[in-house]
Amino acid sequence: MSRHIATLLSPAWGHALPYLHLAIRLLRTDPSLVITIVQHNLVVPKMTRELEGCKYDARRLSILGVGSANAEFTPAIMEQATKELVGGWLEILAGLMATDASTKWPRPRTVHMDFLGGGFVFQPTKKLLGLSVKVVMFTSSGVTTMPDVLDTYNFPRVVRRISEDEAKREGRTQQKIIVDVITAWNGSDKLDGRVLHIPGIPDIYDYEHIARGAGDPDGVASVIYSAAEMSAGVDAFIALGSAALEPGSISPVRDFYRARGQVVFAVGPQMHDSYFDGSCGGSGGPLPCPRNAKLSNEKLKRFLEDKFQKHGPRSVLYISFGSLFFPRATPEHVNAMVDVLLQLDEELPFVFVLAGKLASLPEDIVNRIHNSGRGLVCDFWVEQQAVLQSGCVGWVLTHGGYKCGRHSLYHDPRTHLSRFSSITESLTQGIPLIVWPIGAEQAVNAVLLSTGPAPVAIELFQIRAGAQLGPSLRSDAPRNITGTLADATAEFRKTFADLKSAKGRALVRNALSVRKLWRQERAVRDSDPARELLRLVEY
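Position in the sequence shown (first residue = 1) + 101 = this note's numbering.
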């Protein structure tokens, strides 16, 4: 055993899942590699179940759980879980670093730390490791948003500058300043309409930068701030991007971090092999008929079979926001979208998946959907991969997140409906997107996906709310973005009409092209992501 990687993973399933599949691919890349993952016991059973369907050398992967596995899951438990996790991490890491003749594996040469929570324990970890062990931040996002979230605006420096100036402080506490700086997300503590230049996408105004559909982003301020502090001290970064989807971002982002003496590993999407070979319910690609799909809910299966028979393949719109990122600040927009879907002259069948207590629809809306025969509301477990590989789904409407993200902090990872990434899950099947950004980095992802020479998505604009309202620099945006019910309704009608137009057909072709490129990257030994895996193993 020549190499050992020790990893601290957040209890967020949208982070644990892609890293788990990254670890499997790293083990395949180097037969001498061993990996130790430290995770909270809330998530370990789910990771174990995920591994049951994977091909890997179990002798070279160790998952060590810490903390209570039986706690009642509430929002408060995640704070407790994080404290237990970082405490257990330091104890385990100290043991891994103490080598003697009885040690099973060599001392770790590299440590991977999840950006979500890793910042809270970064300095004690560095002190324990010394200078000889390299620390790599796992971002669980694409390349484009990585510096934008972590480094471009230097949140710690901005907070210090404001805190040290009484006039700029304006009587605010340190925590309130952090919240204001993260909420502005432009290098200051206030939105002022400045133009932001983000590599790989067209310029945008600062108020376009963060969607407000879930309210202001103050709930993640401490996590992002600690991650930004951690980012300045790590040796390298792992991002889930590749040139197939982010062709204009990888080189400038690498140059940005190279100038700081840091390395970026763009390893591509990390998911189960079946996403790339179509083996969820059959081999060789999308299933010819949903009756073969591995779906546990008979109501959903019957609905898909019926729509497949009546409308053919790729005829269903799949709507999935996740849980906390549900557009709860603008429920009238959600209702308007449903109204449009139910009133279209040409039926567009749809499945509306609800996950979590905050992702809900009024009972009368649910009844109208079901009575219409056009749609199905799923407030039950949905095997998203099986649905997307069933051959029924032609479009996915999503918030545009690369990962579970914030909502996974608040929902039980032991039972949480997986929303690892509707972006990657859809595009691995060649399914284009309709993007309704709601929070976090989703607005930037929406620009990335819907612009450029080969877009794969339609971005919704009239669903914007709060501080995000105002003119856009985008040439494809409406002249007036008002967020009114009338304008949102008109945009829904136009968007759904576009799905069957030349524009929609072009987006389908582009999505199929991304699928082809990702599958080639996965299959070819000397592809860019494959070389990145080798570089990461050897780092």
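Take the hints with a grain of salt, since some may be wrong.
Unchecked claim - Label pairs and their in silico Cβ distance ranges: (1) Lys156 to Pro572: 49 to 59 Å; (2) Lys156 to Val625: 46 to 56 Å; (3) Trp206 to Asp577: 51 to 61 Å; (4) Thr583 to Arg150: 38 to 48 Å; (5) Arg295 to Val625: 35 to 45 Å; (6) Met198 to Thr149: 42 to 52 Å; (7) Pro207 to Asp293: 45 to 55 Å; (8) Pro132 to Asp446: 37 to 47 Å.
FYI, nobody ran anything at the bench for these hints, they're computed from the structure. A virtual CB, placed ideally from N, CA and C, is assigned to each residue, including glycine.
These are the hints, each one checked on the structure:
no., hint, in the structure
1, Lys156 to Pro572: 49 to 59 Å, "holds, 52 Å"
2, Lys156 to Val625: 46 to 56 Å, "violated, 19 Å"
3, Trp206 to Asp577: 51 to 61 Å, "holds, 53 Å"
4, Thr583 to Arg150: 38 to 48 Å, "holds, 47 Å"
5, Arg295 to Val625: 35 to 45 Å, "holds, 42 Å"
6, Met198 to Thr149: 42 to 52 Å, "violated, 26 Å"
7, Pro207 to Asp293: 45 to 55 Å, "holds, 53 Å"
8, Pro132 to Asp446: 37 to 47 Å, "violated, 60 Å"
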